[in-house]
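Student: Protein sequence lines correspond, in order, to chains A and B.
Those letters in the first sequence? Residues 6 to 441, per our numbering, in order.
Those letters in the second sequence? Residues 538 to 843, per our numbering, in order.
Possibly wrong hints are sitting among the right ones.
As the list claims (entries may be wrong) - What follows is a set of in silico ranges between Cβ atoms, one per label pair, in the way DEER data are often shown:
| # | chain 1 | residue 1 | chain 2 | residue 2 | range |
| --- | --- | --- | --- | --- | --- |
| 1 | A | K100 | B | V671 | 28 to 38 Å |
| 2 | A | D85 | B | L599 | 33 to 43 Å |
| 3 | B | H615 | A | K355 | 42 to 52 Å |
Calculated from the structure, these hints are not laboratory results.
None of these values were measured; they are calculated from a predicted model.
A virtual CB, placed ideally from N, CA and C, is assigned to each residue, including glycine.
The chain contents come next:
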Amino acid sequence: MLSPFRRIAIGAVVSLSLVLTACSGGGSSNAGADLELSDKPVTIRATWWGADARAKLTNDAIAAFQKKYPNIKVEGQYKDWGGYWDALATTTAAKDSADVVQMDELYLASYADRGALYDLGKAKKIVNTSQFDNEALATGQVGGTQYALPIGVGVLSVVVNADLFKKYGVDLPDDKTWTWDDYARIAKELTTKSGGEIHGAAGAPGFDAGSLKYWARQDGGDLFGKDGNVSLKPQSLVKMWKFGLDLISSEASVKASTMVEDQTAGITAASLATGKAAIGSAYNTQITALQKAAGADLRLLQMPRAGDTKANFFKPSMYWAVSSQSEHPAEAAAFVDFMLNNQEAADVLKTERGIPANKEMRGHLEAGLTGSDKAAVEYMNAVTPGEAPVVTPNGGSGIEPMLQRYSQEVYFNKTSPEAAAEAFIKELQGEVDAAK
Amino acid sequence: MSSINELRRLPGSQRGARQQNKAAFLFLLPWFVGLFGITIGPMLASLYLSFTDYNLLQPPRLSGLDNWTRMLHDERLHKSLGVTFSYVFVSVPLQLALALGLALLLDKGVRGLPFYRSVFYLPSLIGGSVAIAVLWRTMFGTTGLVNEALGLFGIQGQGWISEPGTALSTLVVLNVWTFGSPMVIFLAGLRQIPTSLYEAASVDGATRLRQFRSITLPLLTPIIFFNLVLQIIHAFQTFTQAFVVSGGTGGPADSTLFYSLYLYQRGFGHFDMGYASALAWLLLLIVGLFTAVNFWASKYWVFYDD
Numbered sequence: 006m007l008s009p010f011r012r013i014a015i016g017a018v019v020s021l022s023l024v025l026t027a028c029s030g031g032g033s034s035n036a037g038a039d040l041e042l043s044d045k046p047v048t049i050r051a052t053w054w055g056a057d058a059r060a061k062l063t064n065d066a067i068a069a070f071q072k073k074y075p076n077i078k079v080e081g082q083y084k085d086w087g088g089y090w091d092a093l094a095t096t097t098a099a100k101d102s103a104d105v106v107q108m109d110e111l112y113l114a115s116y117a118d119r120g121a122l123y124d125l126g127k128a129k130k131i132v133n134t135s136q137f138d139n140e141a142l143a144t145g146q147v148g149g150t151q152y153a154l155p156i157g158v159g160v161l162s163v164v165v166n167a168d169l170f171k172k173y174g175v176d177l178p179d180d181k182t183w184t185w186d187d188y189a190r191i192a193k194e195l196t197t198k199s200g201g202e203i204h205g206a207a208g209a210p211g212f213d214a215g216s217l218k219y220w221a222r223q224d225g226g227d228l229f230g231k232d233g234n235v236s237l238k239p240q241s242l243v244k245m246w247k248f249g250l251d252l253i254s255s256e257a258s259v260k261a262s263t264m265v266e267d268q269t270a271g272i273t274a275a276s277l278a279t280g281k282a283a284i285g286s287a288y289n290t291q292i293t294a295l296q297k298a299a300g301a302d303l304r305l306l307q308m309p310r311a312g313d314t315k316a317n318f319f320k321p322s323m324y325w326a327v328s329s330q331s332e333h334p335a336e337a338a339a340f341v342d343f344m345l346n347n348q349e350a351a352d353v354l355k356t357e358r359g360i361p362a363n364k365e366m367r368g369h370l371e372a373g374l375t376g377s378d379k380a381a382v383e384y385m386n387a388v389t390p391g392e393a394p395v396v397t398p399n400g401g402s403g404i405e406p407m408l409q410r411y412s413q414e415v416y417f418n419k420t421s422p423e424a425a426a427e428a429f430i431k432e433l434q435g436e437v438d439a440a441k
Numbered sequence: 538m539s540s541i542n543e544l545r546r547l548p549g550s551q552r553g554a555r556q557q558n559k560a561a562f563l564f565l566l567p568w569f570v571g572l573f574g575i576t577i578g579p580m581l582a583s584l585y586l587s588f589t590d591y592n593l594l595q596p597p598r599l600s601g602l603d604n605w606t607r608m609l610h611d612e613r614l615h616k617s618l619g620v621t622f623s624y625v626f627v628s629v630p631l632q633l634a635l636a637l638g639l640a641l642l643l644d645k646g647v648r649g650l651p652f653y654r655s656v657f658y659l660p661s662l663i664g665g666s667v668a669i670a671v672l673w674r675t676m677f678g679t680t681g682l683v684n685e686a687l688g689l690f691g692i693q694g695q696g697w698i699s700e701p702g703t704a705l706s707t708l709v710v711l712n713v714w715t716f717g718s719p720m721v722i723f724l725a726g727l728r729q730i731p732t733s734l735y736e737a738a739s740v741d742g743a744t745r746l747r748q749f750r751s752i753t754l755p756l757l758t759p760i761i762f763f764n765l766v767l768q769i770i771h772a773f774q775t776f777t778q779a780f781v782v783s784g785g786t787g788g789p790a791d792s793t794l795f796y797s798l799y800l801y802q803r804g805f806g807h808f809d810m811g812y813a814s815a816l817a818w819l820l821l822l823i824v825g826l827f828t829a830v831n832f833w834a835s836k837y838w839v840f841y842d843d
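Using the sequences and the hints given, assemble the complete structure.
Tutor: This is how it looks when you write it as structure tokens:
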């Protein structure tokens, strides 16, 4: 592993060359309006994060693309989540970014605001967006410009292990009407009836940005406002943490230290997957991986509700974007179009990157889906989402680790929910301000 | 540099010496390329960056002393300094004491010394690796080996690495466990002490303890000093273990937020490369200061036998 000093050193060399090149001007070369595909041989690079399974599917899709466009060669590169962002930042700084990049909602504005992404509006002739809902397209826009297109969509859900419910004689809740109080009560019942063998809940809210977003939207708010500032209300945070604290102290959930361990272990090795807890939270598309790891009857339930607010939301699981540094934006856009709109690609990629945001592809795949994939799509169709959340502003990309840090402070009783809520909002707004 | 001076002093004509100088510089060339291209160049660049606001994607903007004054109010920086200092001050003395103790034992002429030496040295080679850090995380987890061992004695364990109160201690244990490299150096130092001194002392009726205090320890001080300086510098830069054990977060609740981990988070998590560069230089200054103090203090306790 590279030491941070080595990394800083690389960053430093890169920036020095930037300083030098900055003097020579040289604006972006892709300012032209109409993109045309070249018929000469062109090589583009595509990069994504993910495991080997994703790489295999993506490379199969690349092969299909190359068959359709024999003059375009695509080199695929993939990394794990953490290394991906390090590499993307340094290669972008070195003006050596891959042509096609997989983007996440957290980083979209960071890259778009700094001019690192290509305006896909200029590639309208090549990238077809007619099969995307406006809400879906909006998730890829920053300041009204379409910088990225959503690949798939996920929805927050509660995942229960029906086998464990049966084993300890606890009834599955009616997820059309249940509240957070029901959630806590049922979790506690599981712990008690199992004699401490398992815990009811596998976690407490506050270890991912999604759960916080849900609790904020339950109160009619959200994390960020349309002006790109933090709009989160401290009461929402306090409510969420108090709920979590009650789960922990009543032993309805696993211990706080177990939650920390689960977080590093990853979803397929955490308490829900290992059968040490019966209720967890996940995005609906993660059910396939969870089911495989648990080897039990896992089911998707609607999130508990507080009042009538539609708190749930469609989260774009990831996007395709084109780098503004690409020398071949037309070919890169053609690749994005193929990955999103081509049936052949959809047949290969299926729902691995989320349920397709492209309606036609979703309908095309739905017929052939079985088991947990089918359950994930059915679940999503049953959700009525509220208003689409605002894209995480530039500077907000670090919200998740920040939230985890404060949640740990609260759950280990090192600070009160009230004090943590105030400090969290202040620190998050500080990061957003610093990036302006 | 001393080798170049020695070359100069070699007998032979002036011309021959010049020829040899040329050859020496030629052989050193790759090292110079590395020194200037990979070490000094980037260091100077990062010094420049420490006075800028630089987000990696846009050219750096000069920001004067902003990064440096910001450090005064950065609570997480202060926290990371606290974590790093307690780690250095606890783990380095413990590690050196263990290394010296085992070196003394092995020096007594154990059968199969090369074997033990290799076995004890092994953790030093692999202790900083990702694999060992992953192993550590599993061993000290709630259902890990450590708790199973404790369970045999009827002791109810806990998640050592996931409780804020004990997470740092497990990393201290990891560092102490890599006592092999100072131990090997201690062993070599012990071998340098003339046996005649011990013989004379035992003729005079000095006890083992007395011999250790009056002969071994004073003559070993240069080695202790060397190990101390090296291990302090090493401990200040701890990164991999903390990164892997906490998944890069420094958690739980910032209890393993090492300085270099925080620096990394600023630079690569928040695209705050200007500030991260300033932090890197602050660490250099801190380590430099500690080393200078060490050298200054060595006048009073290190005994050179020449």
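Student: It remains to establish, for every hint, whether it holds in the given structure.
Tutor: Hints and how they fare:
no.: 1; hint: K100/A <-> V671/B: 28 to 38 Å; verdict: holds, 35 Å
no.: 2; hint: D85/A <-> L599/B: 33 to 43 Å; verdict: holds, 36 Å
no.: 3; hint: H615/B <-> K355/A: 42 to 52 Å; verdict: holds, 49 Å
Checked against the numbered hints above, the structure breaks none of them.
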